[in-house]
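Letter by letter, the chains look like this.
2 protein chains.
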Amino acid sequence: MTMMTKKGIWARIMVAALAVAGCFVSEGANYTQWVNPLIGSAGDGNVWVGASVPFGMVQLGPTSVPMEWHFCSGYNRSDSTVIGFSQNHLSGTGSSDLMDVNVMPVTGEVKYARGTVDDPQSGMWSLSDRRREVAEPGYYKTYLSRYGIMAEMTATCRVGLHRYTFPASDDAAIVVDLESGQFDHATAGYIRVIDECTIEGFRFSDGWAQGQRVYFAAQFSKPFRSVRLIADGKEVPGAKELKAMSTYGRFDFVTAEGEQVLMKVGLSCTSMQAARMNLAAEMPGWDFDGVRAAARKQWNDALGRIEIKTADDSVKRIFYTAMYHAMIAPFTVSDVSGSYRGHDGKVHGNPGHRTFTALSLWDTYRAWHPLMTLIRPEMVPEMVNTMLDICDEQGRLPIWPLYGCETEGMIGYPAVPVVADAVLKGIKGVDPERAYAAMRKTAMGNDRGLRARREYGYIPCDSMMRSVAFELEYDLADWAIAQVARKLGKEADYDYFMERSRGYKKVFDKSINLMRGKDSKGEWNKAFDPIKQIHFGDEFCEGNAWQYTWLVPHDIEGLTECFGSREATIAKLDSLFEITGDLGEEAAPDISGLIGMYAHGNEPSHHVLYLYNLLGEPWKTAERVRQVLGTMYHDDPVGMEGNEDMGQMSAWYIMSAMGLYQVEPAGGKYVFGSPILDEAVLKIGKKKFRIVAHNVSAENKYIKSVKLNGRAYDKWYITHEDMARGGTLEFFMGGER
Amino acid sequence: MTMMTKKGIWARIMVAALAVAGCFVSEGANYTQWVNPLIGSAGDGNVWVGASVPFGMVQLGPTSVPMEWHFCSGYNRSDSTVIGFSQNHLSGTGSSDLMDVNVMPVTGEVKYARGTVDDPQSGMWSLSDRRREVAEPGYYKTYLSRYGIMAEMTATCRVGLHRYTFPASDDAAIVVDLESGQFDHATAGYIRVIDECTIEGFRFSDGWAQGQRVYFAAQFSKPFRSVRLIADGKEVPGAKELKAMSTYGRFDFVTAEGEQVLMKVGLSCTSMQAARMNLAAEMPGWDFDGVRAAARKQWNDALGRIEIKTADDSVKRIFYTAMYHAMIAPFTVSDVSGSYRGHDGKVHGNPGHRTFTALSLWDTYRAWHPLMTLIRPEMVPEMVNTMLDICDEQGRLPIWPLYGCETEGMIGYPAVPVVADAVLKGIKGVDPERAYAAMRKTAMGNDRGLRARREYGYIPCDSMMRSVAFELEYDLADWAIAQVARKLGKEADYDYFMERSRGYKKVFDKSINLMRGKDSKGEWNKAFDPIKQIHFGDEFCEGNAWQYTWLVPHDIEGLTECFGSREATIAKLDSLFEITGDLGEEAAPDISGLIGMYAHGNEPSHHVLYLYNLLGEPWKTAERVRQVLGTMYHDDPVGMEGNEDMGQMSAWYIMSAMGLYQVEPAGGKYVFGSPILDEAVLKIGKKKFRIVAHNVSAENKYIKSVKLNGRAYDKWYITHEDMARGGTLEFFMGGER
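The listed protein sequences derive, respectively, from chains U and L. Using the numbering used here, read the first sequence as starting at 7 and increasing by one per residue. Using the numbering used here, read the second sequence as starting at 7 and increasing by one per residue.
For reference, chain U alone in the conformation it holds in the complex (with noise of 0.2 Å):
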C-alpha cells in the first residue's frame, strides 16, 4: 500500500496536467526574479502584461478604455482604466486584435459598456492602482479602486484562473462581457448556464481577424446566487442561455470581507465542448497557488535555455525580459486534443503536433525564428508544420495567421526564410520536399505583386503601392528557396529562384545609389523622396529609400556592386548614420529608435549593421552594435524603442549581447558583432554551447581573437551546426578596433 502525503497534491495534480499538455518543465535556477514584465509598457513597445505561460493560448490581463496605437496590447501604463481582464492579448504588435471573453469583478450596480475615460459611470470601468500592481511571469495582480476588489490572476496554457478578493457586499457580482474586444467588434456573443457554478459560451467577431471564433467554459468555485443575461443593454428576465451581438452575463454573489471567489475560464478556437476539456484537462482544482507556482515553474524552465553571467543587473533584467517578451507569442492555438480551425475554416483533428497562431513573419523571421532554432528547436517543426498545414488550407503559406485568418498583414512571403531556415538547418520533424513544395507555391502564385514580378522582373510602382518593399522582401525569399532548391537538388529551380533574388538590382537607382520605385516603362519614379514616407501611400513600407537600400541580407556582394565598390559601399553605409531629415506627418509611426536614417525601432534595420562585418570592418558594427544595445533597450517601461513586435526586438537584443546575428534570412550563418556578456550557455536541445567573452567591458568592445572548443577560429561568423552539437565559442575582447 502507499499513501501519498497530503501536502503537495494540488502542486502534482497540476504538474500533472501541464505536463500531458506538452510543457517541460525543468529544475533550475531562479531565473524569473530577473524579469520586469513593465519593460516596454510605455511608450513604444506595446507590449503585453498579464499572465499567460510560454506560447500559450491564454494571455489573461488586463484590459483598458482607449483604443489607440499604443494599446494594441490593452495595457499602457499611460493609462489606469480597466475595463476587465480579458482572456487573450497581443503583445507588442502595431495592428491589434482579440481581448475576447472579458471578465469583471464588480459591486453595485453598472452599465454594461466599455465606456469613456472622461466617465467613470458610463461603463463598467474601474482605475486600476498602480501602487498595488504586481506584474510577474504568469502571475498579475492589480486593485480596482472604484470596486474595493482585489483582482488576481494566473494561467495554464489554455485556461484563465481569476482569484477576486471582494469586500462585503449583498451585490458583488463577476460580469463577462462578450461584447468587448479591441480594435474589433462582436458579431456574435453567446451565453448559456449549465449550473450554477458553470457557464459556457463564444464570442465570434470581426476585427483584424474576420470571423474570428472563441469558444469559452467557465466555473466559479462558489454557486452564483442568480444569473441575470443582458442582451444589447437589456437584460432578459430569466434567461439561462442568449446569443445577441452584444452579450454580457451577471453572476451574483453575496460576498463577506474579503472573501474570494474564483473563475477558471478554460478557452478553444473549435468549439465549447473543446473548451471544456481544455478546462478540464488542465486545470481540475482550484488551488491558485499551484497553479502560480506552475506557471512560473514554466517560464523559469524557459528563460534558463540561455544562462549567462554580466556583473551589470540591468543588463540580466533587460536580458531576461527579452526572454520573457520573446516567448509569450506565437500562441498555441490547438485544443489539448490537438484539434483546430485551421484557415479554411474548417475544424481539424489532431494534425501530430501542437498548431500555433499569431506569427508576426515579417517581424520575426529575422531573428526571432533564428533564436527558436538555438532555444526552442523541438519548437520549430511545430511551428513550420503548422505553416504548411495552412498553405493546405489556404493555398500558399501564411503572411500573418491569427486564430484561422489570415490578415495579411505586412509584405512579402516572410513564411519562405522560415520554412527554408528550418529544412537548411536539418531540424528533424520537417518534411523538405513538403516544405519545399510549399514554398514554391507560395512563390508562383500570381497575387500581391507576383504576377507583375514575372512579368517584369521586378515590380512596377504603377502596378502596386509598397512595389519595393515587396520586391526586396520577395528577393531575399527567393533566395532562400534556391538554398533549399539547391540542398534537395533541384538544380534548375536553384537557377531560377536565385535569378529572382536578384530583381533588387532594378530597382537600385545608380544615379542616386538607392532604391526606388520604378514603373512599368521602366521610367524611375518621379514622386520619390529618399526621406519623406507616406504609409502605405509610395514604394516602401514602414520605411524610406534611406533604410530599405540595405535590405538585401542575402547578396551584400550583388549591392555592393550596385555601388560600384566595396569602398562606396561602406561609405553609403556610413551615411545612413548621419543623414537627417524629416520623415514627414505621413509616416508610418512605426520608423523609431533612429541614429540618423538607421531605424532600429522597425525591422527592415535589423540587420543592418552587421553588414560592416561582411563588407570586412567589424569594428563598425562592434560600435554601432553597442550603441543599439546600451541606447534602445532599459530596464523602464519606457524601455524599447519601438514595437516589440512579437518577440522580433527582443531576439535582437538577445542574439547581439551573445555577440551574434544571423544576416543571410536562412541557412544558419551567425555573423559576429560585439558581444557584452561574460558568458551565455544555449542548451540547445540536450547540448549545451558555451559563449564566453574575454574581458569584455563597456570599452572592450572589439573582438580580437575567436576560438572555437580551444583552437584558434579565422571565420567572422559561426554555423548553426557548430553550435547545434555543443561546444565553447570564446571572444577574446580588446578596447582598439
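Watch out, some of these pointers could steer you wrong.
Because identical chains share one entry, a pair is satisfied inside a single copy or across any pair of copies.
Unchecked claim - With a straight-line Cα cutoff of 30 Å, these simulated DSS-like cross-link-like pairs (lysine-lysine) come out:
(1) Lys721 - Lys693
(2) Lys352 - Lys692
(3) Lys352 - Lys693
(4) Lys352 - Lys434
Hint data in this document are derived by calculation from the structure and do not stem from the laboratory.
With chain U held as given, fit chain L onto it using these hints.
Structure of chain L alone, referenced to chain U:
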C-alpha cells in the same frame, strides 16, 4: 439578434455534446418499445442489464454479490443482491471481468466490502426490489430495499449518470468502491478529492485482462459534507487522496426526504486527465432526463437500421431485443480525443478512427460481423483498423482483446475472417494491403500450434489440446486469406493458403466419418470419444466430434469428398439431429441448445443448418431454422439457449429471421434459409434493401421462388454487393417442400 427560448436548452446541449462525440441520432419510429432488456438475463444467456448507449465505453448497471458462471455480466435474475452500480460490464460472455469503479448509495454505517450472500451485514450490498425495477435501452432503475434509496441511471458513450433519491438521513452517503470487480482483483485503487463536488482516481486490476487500467473522473450535483477514505478496511483520517489495494471513498450528505443527489462518472483507459476531458465533453450539465432521452434516441436509431413488419408482437420483441443485445458491445475504448491504450501498454494519440475493445471474435466472426457490414457499415473500418493497430502493437491480430490486453480467449485466429470479409466486401476505409499484411503475419506465426501445423500439415493432437478445433478454425481463416490474396493478385499466396485451408482432410477419420485427433506419428487419437467432451482436455473446444465435423463452412465440396458422396454427407448431417448421448461431467457448459448433437447454444454449430441448402436440400435448412427460431429464442428472461456471446446468438436470430446467413467465413454470400418476417428493410449506409416474404406463416416455411428487384432470381444466395447497392428481394413462401 437571435434569442433562443429557454425550453429545450438541455436537450440541445446534450445533442451537441453527443454529436461531436461521434454518435448519430435520427428521427424515426419508436423501436425501443419493443426491447425487453431482461431477455437472456436468466438461464444461459448471461446478458447484462443496465444503462448504456450503442457501443459505449460505459455500461452502467447493478452488480450482484455472486461470482459464478451465470453472473459473468454482473446481473442474473436468480439473485437480487446488489453490491453497487459499476461503470462497465461485459454482456453474454463465458469468461468475465470489468465491473470497475463500483458506486453504492447508502444510509448509515456499512462494512466496506463485497460481502457474502448469506450475511447482509458482511458488506455494502442491498437487495434490489425486482417489482420496482425498470430496464430500458439507455435507462435502468431499481429500489435498494436496505437503504430505502431509489437508484436510477443513464449514460452517454463515456459517462455514466447516477441519480439517487434518498430518504431523510443525517448519514446518507455515496460510496465509491475501487476494490470490487468481477473475476479479477484490484492491484491498485486511487482516489483524490479535487473539490467538494469533484473526485477522480483509477482502478488497476489483474483478471481476465491482466494489468487493466480504468481511470475515472466524477462529480456530485451536491457538495459532500465530508469525505472518508478507506484503505484496506481502515479509514485514513483527514486524507484527501489515497492509494491502496482495497480503496473505498465515502462521500457524506445530509439528505431531506426524497432528495436527489446525482453523480456523473467519466471513464478513460488512458489517464485521469482524459477521464476528466471525456466527462467534460459529453456531459456538461445535470439534465438526467435529457441524457436519458438522448440515449434512447441513439438506441432508436441503432434499432431502426432494420425496420421489420410482422403481426407477431413476440417476434418483434425478440427481434428488436436481439438488435439491442447485438449493439451493446464491442465497447468504445478510445477517449473523445481519440487517444487510447494500445496492446503495447502505451497511450497512443488519435489513430484517425474510434478504437474498440471487447471483440469476442471467435463468436462474432460468424454472423455478428457480417450483420454489422449490413447495418453498421460505418463501424466496420473502425473495428478493422482497431484490429490492424493491435497487430502493429502486439505482432499479430487480436484473439479476444479486452481493455488493451490480449486475453487469448478461444481458438484460431478469428480476426482473420473479419478482416478478410471487410476487404472482400470492398468496405471503404480499410487498406487492403495493410489488412493483408496483418492477416499473413498472423497466419505465419509460430505459437498456438502454427509451427507444428506447418511441419505436419495439421496440428498433431499430442502437441497441444484442442488441436482439431484449432486446425478447423485455421483452415477456414486461411481460406479467407486466400480469397483476399486472389483479389490482390498474389497468386502464389492464394495457392499456399488454399492448400492450408484443406488441412481438415487430414484430421477426418473416414473409418468413422468424423473429425478426430491425429498424433505426430499419424495415429488416430486412441482416447477419442465421439460424444463425451472434456473441457480443455481433448482435441475439440467446447464441442465434440459430431459438432466439429461440420466446421468446414468454406469447403462443403471438399467435406462431401470426405464423406464420399452428397448423399452420404446429407445422411450424416441428418443423423446429427438425431444422435443423443451424454456429453459427460467434464464437458464445457457452453454446449447447450441441443437438438440431437446439434448445439445451437454454442458457435461452432451456427452455420450448420444452412449446409443443407449448399447440399441441395434447402427445405431441411428451412425446417431446422424454423425449429431453432421458434424454440431457442423466447420473449422471457430465460429466453436464450446459450450465451449471448457479445451479440453472436442475437445476430444469428436477426439474420435467420430475415431468411439469410453468411456461411462462408468471408466474402458476402448470404445463403437463403427461411424468413419469418413479412418484411425487413435494411438501411445499409444510405441505401435501403427490402426483403419481403410473401405469404409467410408458420406453415409456409419453404421458399418456393425468389425475385430480385422484380426479376426472377434462381440463385440460392444473395451477394453483399447486391444488397449494398439497395433494392428488393422477394421470397415467395409455400407450405410444401
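Which numbered hints fail: none
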